[in-house]
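Colleague: Using the sequences provided together with the hints, build the complete structure.
Single-letter residue listing:
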Amino acid sequence: MIKILDQPRYVCALGAMQTVQGIYRGVPVLHAGPGCAGKLAAGIAGNNGDSGYISPQIYPCSNVTEKEIIFGGEERLAETIENALRVVDGDIFVVLSGCTAEIVGDDIAKVSSRFANMEKPVVYVETAGFKGNNLEGHEWVINAIIEQYLAKKPVKEKVKGLVNIWGPVPSYDPFWVGNIRELEKLLIEIGLTPNAIFGEYRGIENIDKIPQAEFNLLVSPWVGLKNVKLLEEKFQTPYLHYPTLPIGAFETGKFLRTVGKYAGVDVEVVEAVIERHEKEYYYHIERTSDVFLENRTMSRRFSTVTNATDALAISKFLVNDFGLVPEKQYITDDTPEEYRDSIEKYFTEFEYGIEAKVTFSKDAYRIHEEIRNCDYFGPPLIIGSIFEKKLTKELSGNFLAVSVPIKERLILHSSYVGYHGGLRLLEDIYTYVLKQFN
Amino acid sequence: MANKKIKQIAIYGKGGIGKSTTTSNISAALVKQGFKVMQFGCDPKSDSTNTLRGGKYIPTVLDTLREKTTVKASEVIHEGFGGVYCVEAGGPAPGVGCAGRGIITAVQLFKQQRVFEELDLDFVIYDVLGDVVCGGFAVPIREGIAEHVFTVSSADFMAVYAANNLFRGIHKYSNAGGALLGGVIANSINAPYAKEIIDDFVKQTKTQVVEYVPRSVTVTQSELQGKTTIEAAPNSEQAKIYTRLALKIAEHTESKVPEPLDVHELREWASKWADHLLALETGEVTSKASCI
Ligand SMILES: Nc1ncnc2c1ncn2[C@@H]1O[C@H](COP(=O)(O)OP(=O)(O)O)[C@@H](O)[C@H]1O
Ligand code: SF4
Ligand SMILES: [Mg+2]
Numbered sequence: 001m002i003k004i005l006d007q008p009r010y011v012c013a014l015g016a017m018q019t020v021q022g023i024y025r026g027v028p029v030l031h032a033g034p035g036c037a038g039k040l041a042a043g044i045a046g047n048n049g050d051s052g053y054i055s056p057q058i059y060p061c062s063n064v065t066e067k068e069i070i071f072g073g074e075e076r077l078a079e080t081i082e083n084a085l086r087v088v089d090g091d092i093f094v095v096l097s098g099c100t101a102e103i104v105g106d107d108i109a110k111v112s113s114r115f116a117n118m119e120k121p122v123v124y125v126e127t128a129g130f131k132g133n134n135l136e137g138h139e140w141v142i143n144a145i146i147e148q149y150l151a152k153k154p155v156k157e158k159v160k161g162l163v164n165i166w167g168p169v170p171s172y173d174p175f176w177v178g179n180i181r182e183l184e185k186l187l188i189e190i191g192l193t194p195n196a197i198f199g200e201y202r203g204i205e206n207i208d209k210i211p212q213a214e215f216n217l218l219v220s221p222w223v224g225l226k227n228v229k230l231l232e233e234k235f236q237t238p239y240l241h242y243p244t245l246p247i248g249a250f251e252t253g254k255f256l257r258t259v260g261k262y263a264g265v266d267v268e269v270v271e272a273v274i275e276r277h278e279k280e281y282y283y284h285i286e287r288t289s290d291v292f293l294e295n296r297t298m299s300r301r302f303s304t305v306t307n308a309t310d311a312l313a314i315s316k317f318l319v320n321d322f323g324l325v326p327e328k329q330y331i332t333d334d335t336p337e338e339y340r341d342s343i344e345k346y347f348t349e350f351e352y353g354i355e356a357k358v359t360f361s362k363d364a365y366r367i368h369e370e371i372r373n374c375d376y377f378g379p380p381l382i383i384g385s386i387f388e389k390k391l392t393k394e395l396s397g398n399f400l401a402v403s404v405p406i407k408e409r410l411i412l413h414s415s416y417v418g419y420h421g422g423l424r425l426l427e428d429i430y431t432y433v434l435k436q437f438n
Numbered sequence: 001m002a003n004k005k006i007k008q009i010a011i012y013g014k015g016g017i018g019k020s021t022t023t024s025n026i027s028a029a030l031v032k033q034g035f036k037v038m039q040f041g042c043d044p045k046s047d048s049t050n051t052l053r054g055g056k057y058i059p060t061v062l063d064t065l066r067e068k069t070t071v072k073a074s075e076v077i078h079e080g081f082g083g084v085y086c087v088e089a090g091g092p093a094p095g096v097g098c099a100g101r102g103i104i105t106a107v108q109l110f111k112q113q114r115v116f117e118e119l120d121l122d123f124v125i126y127d128v129l130g131d132v133v134c135g136g137f138a139v140p141i142r143e144g145i146a147e148h149v150f151t152v153s154s155a156d157f158m159a160v161y162a163a164n165n166l167f168r169g170i171h172k173y174s175n176a177g178g179a180l181l182g183g184v185i186a187n188s189i190n191a192p193y194a195k196e197i198i199d200d201f202v203k204q205t206k207t208q209v210v211e212y213v214p215r216s217v218t219v220t221q222s223e224l225q226g227k228t229t230i231e232a233a234p235n236s237e238q239a240k241i242y243t244r245l246a247l248k249i250a251e252h253t254e255s256k257v258p259e260p261l262d263v264h265e266l267r268e269w270a271s272k273w274a275d276h277l278l279a280l281e282t283g284e285v286t287s288k289a290s291c292i
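So the sequences go chain by chain: Y and S.
Quick note: the first sequence uses full-length UniProt numbering, first residue 1, plus one each step.
Quick note: the second sequence uses full-length UniProt numbering, first residue 1, plus one each step.
What the hints contain is simulated information worked out from the structure, not anything from laboratory work.
Since the structure is predicted, the reported quantities are computational estimates derived from the model, not experimental observations.
Among these hints, one or two may not hold up.
Some residues of chain S that are not near chain Y, with every Cβ distance over 10 Å (derived) [to be verified]:
(1) ILE6
(2) GLN33
(3) LEU62
(4) ASP199
(5) GLN204
(6) ARG215
(7) GLU259
(8) GLU265
(9) ALA279
Which residues of chain S face chain Y? A few of them, derived with a C-beta cut under 10 Å, are [claimed, not checked]:
(10) LEU65
(11) ARG66
(12) GLY91
(13) ALA93
(14) GLY95
(15) VAL96
(16) GLY97
(17) CYS98
(18) ARG101
(19) GLY102
(20) HIS264
Below 20 Å or equal to it, Euclidean Cα-Cα: the simulated DMTMM-like pairs (lysine to aspartate or glutamate) are [stated by the list, open to error]:
(21) S/LYS203 <-> S/GLU259
(22) S/LYS4 <-> S/GLU118
(23) S/LYS68 <-> Y/ASP428
(24) S/LYS4 <-> S/GLU254
(25) Y/LYS328 <-> Y/ASP363
(26) S/LYS68 <-> Y/GLU75
(27) S/LYS68 <-> Y/GLU66
(28) S/LYS111 <-> Y/ASP208
(29) Y/LYS152 <-> Y/ASP208
(30) Y/LYS67 <-> S/GLU67
(31) Y/LYS67 <-> S/GLU196
(32) Y/LYS393 <-> Y/ASP428
(33) S/LYS72 <-> Y/GLU66
(34) Y/LYS39 <-> Y/GLU102
(35) S/LYS272 <-> S/ASP262
(36) Y/LYS67 <-> S/ASP63
Using N, Cα and C, we set each Cβ at its ideal position, and we do this for glycine too.
Modeller: The structure is reproduced here in structure tokens:
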């Protein structure tokens with residue numbers, strides 16, 4: 001049966017070109033049809049990460065058209081890689097294939113391997129749209145770098161306290177830079193040395209350090225699991241999977257204690273950090289509690305309509321730190337079947353025995369219908385993407401766009417992670433609430 | 001000239017079964033009758049029209065397209081025996097690209113340029129590669145290209161299998177204005193059991209045999225001279241058969257939707273025939289029967 005998918009919030013696997021762009025001086029080389037990159041960038045990068053040193057409008061691309069479909073496009077790809085290496089001053093080149101090239105069976109592995117001995121590393125990933133979504137593509141890109149680049153380098157010694165950070169997905173998470181930076185800061189505060197490959201000036205230098213980490217820290221419900229598992233296999237690096245991106249005092253405290261314990265950090269060091277932050281954090285909450293408690297424009301109930309990471313992170317914050325009541329949480333990132341049970345379980349682990357129902361759906365039409373028919377006991381809080389804006393207006397509710405497509409706000413380095421992130425999220429939510437008075 | 005209806009015919013069948021041989025003889029016979037004919041080879045092998053052109057290959061549509069972005073139809077039409085317009089779609093090198101898409105592109109290119117109308121053709125005959133493996137090879141039976149489809153088949157199980165697959169393709173497109181089946185051209189039918197097998201298959205699938213074409217050394221001799229039988233041995237018995245076949249196709253008006261067998265039915269049907277042949281020739285299974 002033909003189904004129309006209304007307002008999907010993920011794109012095809014080739015969307016992982018943004019992951020390559022997220023690596024400083026990383027260059028995506030596309031073997032795809034004209035239009036793929038532009039369309040995908042509009043879908044997820046939008047006004048946050050659509051331009052720069054290298055950007056979807058200028059990615060080297062073989063522009064596969066009818067001729068390449070019929071006769072095969074391998075030579076065209078070889079030409080594209082060769083010229084990209086000549087013209088673009090980058091540190092790592094990642095060849096990504098689109099649907100058309102893979103349908104006709106172009107062997108991108110073979111073509112890319114011709115460039116194995118160039119000065120700059122060239123790796124390839126098969127990211128045809130029909131194979132999966134951009135989050136799976138993101139994992140494939142990282143795995144390709146691990147297998148085709150890192151695993152071929154001489155083994156180096158592990159460095160005590162060095163921790164690779166994984167989780168936030170470049171561009172797809174509009175707060176990716178800020179989120180990664182916050183996670184880095186938190187690790188530094190408890191005396192660890194973070195290593196993240198995405199964002200400003202990290203790039204190849206940090207990629208090279210990946211095998212030396214003492215452990216991998218994955219902060220996400222599912223995206224990245226395949227990567228930390230591969231890293232364990234290739235470099236015997238253990239990993240800590242912390243499913244919830246920590247927002248606010250409750251989760252961040254838990255996060256720091258968990259990471260600290262795993263890394264063997266002195267409990268006192270961790271507790272001192274937590275105490276210092278909580279003092280500051282609760283000062284702000286306290287002095288603003290009137291705003292939170294005494295308004296008639298927001299009921300205590302909310303839904304999130306977003307990817308698994310944000311749905312989990314934000315609902316944990318709103319329930320555990322803030323005492324709101326979760327109605328259904330809608331996960332829109334096309335989460336692979338294999339992870340769904342464990343994700344549902346995370347939503348049964350709130351404080352005070354509170355649980356939230358979860359629906360995995362790619363179809364905004366259905367989600368919106370359900371939200372319309374749900375009783376939030378007053379104006380609800382809906383946190384999602386720009387697609388929820390009209391719906392929330394219709395319900396006279398409160399709205400915040402946090403995941404793609406966002407379109408209405410500019411995010412540079414801000415983040416909802418950590419103590420300051422939690423406060424920031426409250427500012428954003430209640431700015432909307434306060435505007436309702438005007 | 002303006003309103004003349006061009007009869008477009010597609011001939012399918014398993015590779016090596018005799019499609020090009022039969023098609024070229026049909027084309028040759030039709031031009032001899034005074035018709036204007038184009039033979040359009042839709043097979044990356046690009047040898048459909050060889051016997052119409054003294055055994056010579058011609059540049060294909062796709063070869064030409066490989067060199068430049070636009071192809072004028074006139075660049076890839078080459079006249080052959082009696083003025084038959086010969087075209088070869090061509091295709092990619094084995095193992096690369098997509099031959100199916102190649103066929104689509106070549107056929108569409110001609111359709112767009114309205115070549116058939118300008119040449120004032122009576123017949124366009126598509127000689128299409130083997131099995132209907134993907135959408136590309138189904139393009140001549142899709143809406144707006146051929147109206148009538150014939151399949152060349154012997155009594156060989158593999159040939160019957162390919163014919164049945166074609167019927168499935170026709171069946172699929174039949175509701176959307178696709179081509180319908182004219183019938184089966186039974187090729188290399190010499191042994192009596194071969195005729196029985198083919199007769200039974202057409203009965204099962206609710207179609208008909210248009211002509212029985214025997215396997216003949218005249219065909220081989222003609223081919224060795226780079227000619228059709230019609231050209232090389234116009235007075236032979238085989239040439240008469242090809243002419244009769246060509247006229248039947250020229251006069252053919254009503255094609256039908258066949259009723260293909262499903263895979264299980266087809267296998268059952270084949271094993272029934274295998275048993276029958278065994279019983280028939282106890283201990284003397286010929287190579288032909290052994291593949292049934
Ligand atoms: N009726 C026939 N008698 C003798 N040889 C035949 C006959 N039909 C086909 N052949 C021979 O079989 C071979 C394959 O035929 P061809 O027409 O090229 O097959 P196709 O186009 O189906 O691949 C050719 O050498 C051809 O001469
Ligand atoms: S689905 Fe295929 S064609 Fe569409 S953007 Fe992705 S790779 Fe390109
Ligand atoms: Mg042939």
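Colleague: So, for every hint listed, does it hold in this structure?
Modeller: Status of each hint after checking the structure:
1. Listed as outside the interface, S/ILE6 is consistent with that label: its C-beta sits roughly 26 Å from the nearest C-beta of chain Y, beyond the 10 Å cut-off.
2. At roughly 36 Å, the least C-beta separation between S/GLN33 and chain Y is larger than 10 Å, which holds for a residue marked as non-interface.
3. Some Cβ of chain Y comes within 10 Å of the Cβ of S/LEU62; the nearest lies about 6 Å off, and the non-interface call is violated.
4. The claim that S/ASP199 lies off the interface holds: its Cβ sits roughly 40 Å from the closest Cβ of chain Y, which is beyond the 10 Å cut-off.
5. Distance check for S/GLN204 against chain Y: the nearest CB is about 32 Å away, which clears 10 Å, and the non-interface claim stands.
6. No Cβ of chain Y approaches the Cβ of S/ARG215 within 10 Å, the least distance being about 36 Å, so the stated non-interface status holds.
7. The claim that S/GLU259 is not at the interface with chain Y holds, since no C-beta of that chain comes within 10 Å of its own (minimum 26 Å).
8. For S/GLU265, the non-interface assignment is confirmed: its Cβ lies about 28 Å from the closest Cβ of chain Y, beyond the 10 Å cut-off.
9. At the 10 Å boundary, the C-beta of S/ALA279 stays outside the reach of chain Y, the nearest C-beta of that chain being 46 Å off.
10. About 7 Å separates the beta-carbon of S/LEU65 from the nearest beta-carbon of chain Y, less than 10 Å, and the hint is met.
11. Given hint, S/ARG66 at the interface with chain Y, holds; its Cβ is 6 Å from that chain's nearest Cβ, closer than 10 Å.
12. Evaluation of the S/GLY91 hint against chain Y yields a held restraint, the C-beta minimum of about 8 Å falling below 10 Å.
13. With its C-beta approaching chain Y no nearer than about 8 Å, S/ALA93 sits inside the 10 Å limit, and its interface hint holds.
14. Given hint, S/GLY95 at the interface with chain Y, holds; its Cβ is 8 Å from that chain's nearest Cβ, closer than 10 Å.
15. A hinted interface residue such as S/VAL96 counts as satisfied when its beta carbon comes closer than 10 Å to some beta carbon of chain Y; here the least separation is about 3 Å, so the hint holds.
16. The beta carbon of S/GLY97 is positioned within 10 Å of a beta carbon in chain Y (closest approach about 4 Å), and the interface hint is therefore held.
17. Satisfaction of the interface hint for S/CYS98 is found here, the shortest Cβ-Cβ separation to chain Y being roughly 4 Å, below the 10 Å cut-off.
18. Given the 10 Å rule on beta carbons, the hint for S/ARG101 holds: about 5 Å separates it from the nearest Cβ of chain Y.
19. With a least beta-carbon distance of about 4 Å to chain Y, the hint placing S/GLY102 at the interface is held under the 10 Å criterion.
20. The restraint placing S/HIS264 at the interface with chain Y is violated, with a minimum CB-CB distance near 26 Å, outside the 10 Å limit.
21. Only pairs whose Cα atoms come within 20 Å are accepted, and S/LYS203 paired with S/GLU259 is accepted, the gap being roughly 10 Å.
22. A distance of roughly 11 Å separates the Cα atoms of S/LYS4 and S/GLU118; the hinted pair therefore holds under the 20 Å criterion.
23. Between S/LYS68 and Y/ASP428 the CA atoms are separated by roughly 57 Å; this puts the pair beyond 20 Å, and the hint is violated.
24. Between the alpha carbons of S/LYS4 and S/GLU254 the distance comes to roughly 18 Å, so the proposed pair stays at or under 20 Å and holds.
25. For the hint pairing Y/LYS328 with Y/ASP363, the CA-to-CA distance comes to about 15 Å; that is within 20 Å, so the pair holds.
26. With a CA separation close to 16 Å, the supplied pair S/LYS68 and Y/GLU75 stays within the 20 Å bound.
27. A C-alpha spacing of about 12 Å is found between S/LYS68 and Y/GLU66, which places the hinted pair at or below 20 Å, so the restraint holds.
28. Taking the CA atoms of S/LYS111 and Y/ASP208, the gap is near 57 Å; set against the 20 Å cutoff, the hint is violated.
29. Straight-line distance between C-alpha atoms of Y/LYS152 and Y/ASP208 comes to about 11 Å, which keeps the hinted pair within the 20 Å bound.
30. For a cut-off of 20 Å, the pair hint linking Y/LYS67 to S/GLU67 stands: about 10 Å separates their Cα positions.
31. At roughly 47 Å between alpha-carbon atoms, Y/LYS67 and S/GLU196 are farther apart than 20 Å, so this suggested pair is violated.
32. Between Y/LYS393 and Y/ASP428 the alpha-carbon distance is near 17 Å, which keeps this suggested pair within the 20 Å criterion.
33. Using a Cα cut-off of 20 Å, the hinted pair S/LYS72 and Y/GLU66 holds, with the two alpha carbons roughly 17 Å apart.
34. Under the criterion of a C-alpha separation no larger than 20 Å, the hint pairing Y/LYS39 with Y/GLU102 is consistent with the structure, at around 19 Å.
35. Taking the CA atoms of S/LYS272 and S/ASP262, the gap is near 15 Å; set against the 20 Å cutoff, the hint holds.
36. For the proposed pair Y/LYS67 and S/ASP63, the alpha carbon gap of about 11 Å is at most 20 Å, so the pair holds.
Consistency note: the structure conflicts with the earlier hints numbered 3, 20, 23, 28, 31.
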